[in-house]
Amino acid sequence: MSLAGGAHRDMCAALFISGGLIMKKPLLKKLKKYVPLYILALPSILYLIVNNYLPMCGLVLAFKQYSFAKGIVDSPWNGIKNFTFLFGSKWAGIMFRNTICYNIVFLVLNTIVAIIIAILLGEVRKERRKKFYQTVILVPYLMSTVLVGYLVFAFFSGSNGFVNKSILEPLGREAVSWYTKKEAWPFILVVVQLWRSFGFQSIVYYATIIGFDKSLYEAAAIDGATAGQQIRRITLPLLRPTVIILTIMGLGRMFNSDFGLFYQVPQNSGMLYEVTTTIDTFVYRTLMLDHDIGRSMAAGFLQSILGFIVVMLANTAVRKIDKDSAMF
Amino acid sequence: MKRKLIALILTAGLLVGSLSGCGSSGSDGTGSAQSASAGGASSGSTQEGAKDWPTITVQGLCSKDYVDEALVEAEINKYLESVDAGAYIDLVPIAIGNLNNQLTLMLTDNDDPLDLFCWRFYSTIDGCVKNDQCIPLDGYRDQYPEVWGLFNDQILSTHKIDGKIYGLPAMDSFATYETYMLRRDVAEDIGVAERDGEEITLDEMTEIMKMAKEAHPEYCYNINTNDDPVQGIDSLGNGDWIGVLMNRGIDQDTIVNYYETPEWKEYCYRTKDWNDSGLLVPDSLNADLTISQYGNGVAGGCYVGGYSADYIKALVAYLPESVQFKLTDLVGTSASVLGGWCISTVCKHPDEAMKLLSMMYTDEKLARYLILGVEGRNYVIREDGTAGYPEGITAEDYLYEEQVQWFWPNQCLSIPFETNMTTFYTDMLDAPKHAKFSKAMGFVFDSSAVYDQMAACTAVVDEYRKALLYGQVDVDSYIEKFNIELKEAGIDEIIAEEQRQYDEFLSSR
Numbered sequence: 001m002s003l004a005g006g007a008h009r010d011m012c013a014a015l016f017i018s019g020g021l022i023m024k025k026p027l028l029k030k031l032k033k034y035v036p037l038y039i040l041a042l043p044s045i046l047y048l049i050v051n052n053y054l055p056m057c058g059l060v061l062a063f064k065q066y067s068f069a070k071g072i073v074d075s076p077w078n079g080i081k082n083f084t085f086l087f088g089s090k091w092a093g094i095m096f097r098n099t100i101c102y103n104i105v106f107l108v109l110n111t112i113v114a115i116i117i118a119i120l121l122g123e124v125r126k127e128r129r130k131k132f133y134q135t136v137i138l139v140p141y142l143m144s145t146v147l148v149g150y151l152v153f154a155f156f157s158g159s160n161g162f163v164n165k166s167i168l169e170p171l172g173r174e175a176v177s178w179y180t181k182k183e184a185w186p187f188i189l190v191v192v193q194l195w196r197s198f199g200f201q202s203i204v205y206y207a208t209i210i211g212f213d214k215s216l217y218e219a220a221a222i223d224g225a226t227a228g229q230q231i232r233r234i235t236l237p238l239l240r241p242t243v244i245i246l247t248i249m250g251l252g253r254m255f256n257s258d259f260g261l262f263y264q265v266p267q268n269s270g271m272l273y274e275v276t277t278t279i280d281t282f283v284y285r286t287l288m289l290d291h292d293i294g295r296s297m298a299a300g301f302l303q304s305i306l307g308f309i310v311v312m313l314a315n316t317a318v319r320k321i322d323k324d325s326a327m328f
Numbered sequence: 329m330k331r332k333l334i335a336l337i338l339t340a341g342l343l344v345g346s347l348s349g350c351g352s353s354g355s356d357g358t359g360s361a362q363s364a365s366a367g368g369a370s371s372g373s374t375q376e377g378a379k380d381w382p383t384i385t386v387q388g389l390c391s392k393d394y395v396d397e398a399l400v401e402a403e404i405n406k407y408l409e410s411v412d413a414g415a416y417i418d419l420v421p422i423a424i425g426n427l428n429n430q431l432t433l434m435l436t437d438n439d440d441p442l443d444l445f446c447w448r449f450y451s452t453i454d455g456c457v458k459n460d461q462c463i464p465l466d467g468y469r470d471q472y473p474e475v476w477g478l479f480n481d482q483i484l485s486t487h488k489i490d491g492k493i494y495g496l497p498a499m500d501s502f503a504t505y506e507t508y509m510l511r512r513d514v515a516e517d518i519g520v521a522e523r524d525g526e527e528i529t530l531d532e533m534t535e536i537m538k539m540a541k542e543a544h545p546e547y548c549y550n551i552n553t554n555d556d557p558v559q560g561i562d563s564l565g566n567g568d569w570i571g572v573l574m575n576r577g578i579d580q581d582t583i584v585n586y587y588e589t590p591e592w593k594e595y596c597y598r599t600k601d602w603n604d605s606g607l608l609v610p611d612s613l614n615a616d617l618t619i620s621q622y623g624n625g626v627a628g629g630c631y632v633g634g635y636s637a638d639y640i641k642a643l644v645a646y647l648p649e650s651v652q653f654k655l656t657d658l659v660g661t662s663a664s665v666l667g668g669w670c671i672s673t674v675c676k677h678p679d680e681a682m683k684l685l686s687m688m689y690t691d692e693k694l695a696r697y698l699i700l701g702v703e704g705r706n707y708v709i710r711e712d713g714t715a716g717y718p719e720g721i722t723a724e725d726y727l728y729e730e731q732v733q734w735f736w737p738n739q740c741l742s743i744p745f746e747t748n749m750t751t752f753y754t755d756m757l758d759a760p761k762h763a764k765f766s767k768a769m770g771f772v773f774d775s776s777a778v779y780d781q782m783a784a785c786t787a788v789v790d791e792y793r794k795a796l797l798y799g800q801v802d803v804d805s806y807i808e809k810f811n812i813e814l815k816e817a818g819i820d821e822i823i824a825e826e827q828r829q830y831d832e833f834l835s836s837r
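Chains A and B supply the protein sequences, listed in that same order. Every letter in the first sequence is one number past the one before it in the working numbering, and letter 147, counting from 1, is 147. Every letter in the second sequence is one number past the one before it in the working numbering, and letter 114, counting from 1, is 442.
Read the hints as simulated data drawn from the structure, not as lab findings. A couple of the hints might just be wrong.
Claimed, not checked - Chain A stretches covered by chain B per the calculated footprint, using a threshold of three residues with CB under 8 Å from any CB of chain B: (1) 66-75; (2) 79-92; (3) 156-170; (4) 173-186; (5) 277-288.
Claimed, not checked - Reference listing, derived: stretches of chain B covered by chain A, where coverage requires no fewer than 3 residues with Cβ under 8 Å from a Cβ of chain A: (6) 771-782; (7) 790-804; (8) 812-823.
All values reported here derive from a predicted model rather than from experimental measurement. Glycine residues also receive a C-beta, built at the ideal position from the N, C-alpha and C atoms.
Given the sequences, and given the hints that come with them, work out the whole structure.
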């Protein structure tokens with residue numbers, strides 16, 4: 001998820017919230033009052049339509065045998081043939097398992113770590129230190145995945161890696177050929193992912209935390225609440241809506257994976273495929289040479305549809321439990 | 329008020345900035361084409377007597393944008409007018425890194441079409457035909473017999489799909505053999521330098537490598553072990569070797585699963601031995617496995633292929649001095665045809681495009697412009713008849729892309745560039761006459777009936793092959809697992825289908 005993506009999510013959330021306010025007033029009044037807001041939102045709405053909705057027409061390609069000569073409309077229909085390559089082999093199980101399991105682990109760990117870091121940031125009193133920490137934790141997030149891949153390689157290279165040379169060797173242990181050891185990679189990937197993304201998420205939570213009403217904490221302190229109690233009884237409950245929204249958003253990307261993380265970081269090492277193949281890397285490897293637009297589209301289509309279903313289910317569940325926290 | 333005004337101006341500025349930003353990034357794919365066509369048009373229109381001819385866009389290949397595009401285009405178009413060619417050329421140089429995206433976009437672009445393109449590095453001729461990216465050329469055969477006459481039937485048929493010719497091969501030797509190249513200083517130290525050029529077996533090569541390692545342990549002695557000729561297979565154009573002919577396809581009728589053969593097992597034992605003896609690049613699963621490892625002093629030896637001993641010497645002249653031992657015969661397979669030129673389906677003037685394409689194959693002047701640029705500015709002809717950079721100009725100036733002769737339709741119309749090998753192109757033309765050819769030369773497998781199996785098998789090969797090729801795993805157990813998975817993924821169905829098509833191909837010949 002890019003910075004722009006994050007901003008986009010926040011903007012969506014803002015639109016939903018203002019939408020909720022609007023509904024309570026009669027139509028004309030509401031229109032008049034909010035015209036300036038609509039005008040302000042217009043570029044974003046246009047952007048959403050052009051960037052996010054218009055291209056959806058292209059989804060029809062998932063069911064076509066695309067011909068460069070005939071174009072989108074005139075290419076012949078192909079039924080669901082474009083989808084079959086995803087399901088025909090042992091890879092179907094592997095890639096769906098990996099995509100979903102990694103995403104669940106990432107979602108849970110990222111949220112926990114990000115909240116902890118955000119709370120800790122909130123407790124830092126010296127302004128300059130706070131600024132310093134905020135900047136430093138963002139650095140991994142801004143790094144290119146290719147670079148991250150080589151950093152990981154510097155750790156795990158068989159002949160010159162830090163782990164083999166500086167940890168295992170002094171301990172008298174034998175060097176390990178990490179890029180052939182598939183047991184190790186679920187952990188490596190999770191740590192790398194966490195290291196890369198906790199900074200950005202922490203900042204999002206931190207931004208929410210500094211918005212909380214300070215008087216609540218002051219009152220609690222007067223009543224003798226310890227720092228731990230303040231966090232448990234005030235910060236965490238207040239954070240809940242943000243956590244839910246970010247989680248539901250995350251669920252929408254349940255069937256997508258960070259291509260760089262699963263392709264560049266393990267350096268596309270074949271022996272790790274069982275633990276590194278996700279839908280995206282499988283599609284890339286299979287279609288790389290083919291320029292088969294129909295099949296690529298089919299894979300993307302499937303990911304989006306499944307993601308959409310998960311979001312709807314999650315939101316319904318949230319609405320059942322706590323109506324106010326539901327996104328829509 | 330003043331503040332508001334400033335805010336307004338800033339907002340307007342931002343809006344304009346962002347919109348123009350969108351515009352430029354959106355048209356990135358065709359940006360260079362537009363500027364190129366602008367250059368072409370201006371060069372055409374500024375000339376006196378510019379004719380009402382169509383402009384044919386021609387793909388070029390470069391490592392980055394070069395300086396003299398407009399100049400070379402103008403010279404070419406001046407020349408085309410002088411011979412009354414009937415069409416102008418608009419060069420569209422595409423950097424190798426952008427090839428995939430830019431070519432895909434341009435081949436769908438009806439408004440600003442790319443007319444002539446080469447599938448090398450982009451796709452295969454089979455893939456281009458399947459995607460409807462190129463048109464059949466058979467109708468032009470009688471009109472341009474001199475172009476068709478450049479190739480023998482076997483080589484031409486590598487571009488024949490469903491009985492129609494969809495492209496013309498880029499001129500090359502169409503056959504190569506492999507050698508093992510060893511640093512001369514190392515070879516001298518272990519006393520094999522005088523055997524330069526001798527033919528050796530893989531056993532002898534292993535022995536030499538081990539001797540070399542003992543004398544100079546600072547090097548490893550092979551880089552890329554993924555080499556079809558050395559393993560003696562004709563991969564039938566499939567880089568994953570799913571269904572191959574043994575003996576490089578010479579007199580072979582039966583397609584086999586290479587991964588089940590004793591030859592594959594033997595090669596894997598060999599690479600395992602190499603790896604265990606420290607002869608392969610360290611971290612070979614992650615390392616760069618190109619000849620640059622030889623150049624930068626990591627490797628002291630590696631495979632290198634070519635069509636003649638002189639050619640190979642010329643090819644590696646920029647590297648530390650070496651001796652070469654011949655490993656295989658000179659053989660041509662479908663894999664030896666590395667590129668071919670097609671007319672795109674979006675082309676609005678196919679007749680004119682074909683005319684220009686035929687000229688690119690037969691007209692020495694036009695070919696030389698495209699390959700080397702403008703004489704005097706981009707290259708000069710030296711006393712020995714070869715070409716080189718003019719004085720004071722180096723490759724770093726990047727005035728024109730002279731280093732991709734092999735990309736253009738007929739490099740043999742050019743002159744050897746920046747090499748002392750005066751017979752560079754004459755030897756190339758001569759090579760096919762001495763070569764043996766795979767029986768499957770020209771056979772193109774249409775895998776669409778077994779697409780899903782192919783996708784699954786490709787993934788299995790990716791998973792297992794590299795570890796075996798670089799001696800990382802136990803050979804017996806890993807090959808067994810490998811084959812079980814290939815069977816589950818459907819390799820037998822693929823080979824059966826391929827054999828059926830191959831039988832048809834053989835009987836139709």
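#### Entry: Proximity test - 8 Å, beta-carbon atoms, the stretch 812-823 of chain B to chain A, at least three hits
holds (count 4)
### Query
Counting residues of the stretch 79-92 of chain A that have a beta-carbon nearer than 8 Å to any beta-carbon of chain B, does the count reach 3?
Coverage by chain B holds for the stretch 79-92 of chain A (6 residues, Cβ < 8 Å).
### Task
State whether the coverage of the stretch 790-804 of chain B by chain A holds or is violated, taking the criterion as 3 or more residues with Cβ-Cβ distances under 8 Å.
holds (count 8)
### Message
Cut-off 8 Å, C-beta pairs, minimum 3 residues; does the coverage of the stretch 277-288 of chain A by chain B stand?
### Response
That given contact holds, which follows from 4 residues of the stretch 277-288 of chain A lying within Cβ reach (below 8 Å) of chain B.
### chain A over the stretch 771-782 of chain B, status - at least 3 residues with CB closer than 8 Å
holds (count 3)
### Verdict on chain B covering the stretch 173-186 of chain A, where coverage means 3 or more residues with a C-beta closer than 8 Å
Check passed, 3 qualifying residues.
### Message
So is the stretch 156-170 of chain A in contact with chain B by the C-beta rule, three or more residues under 8 Å, or is the coverage claim wrong?
### Response
holds (count 4)
### Task
Count the residues of the stretch 66-75 of chain A whose CB lies closer than 8 Å to any CB of chain B, then report whether that count reaches three.
holds (count 6)
Every hint, counting from the list given before, is met by this structure.
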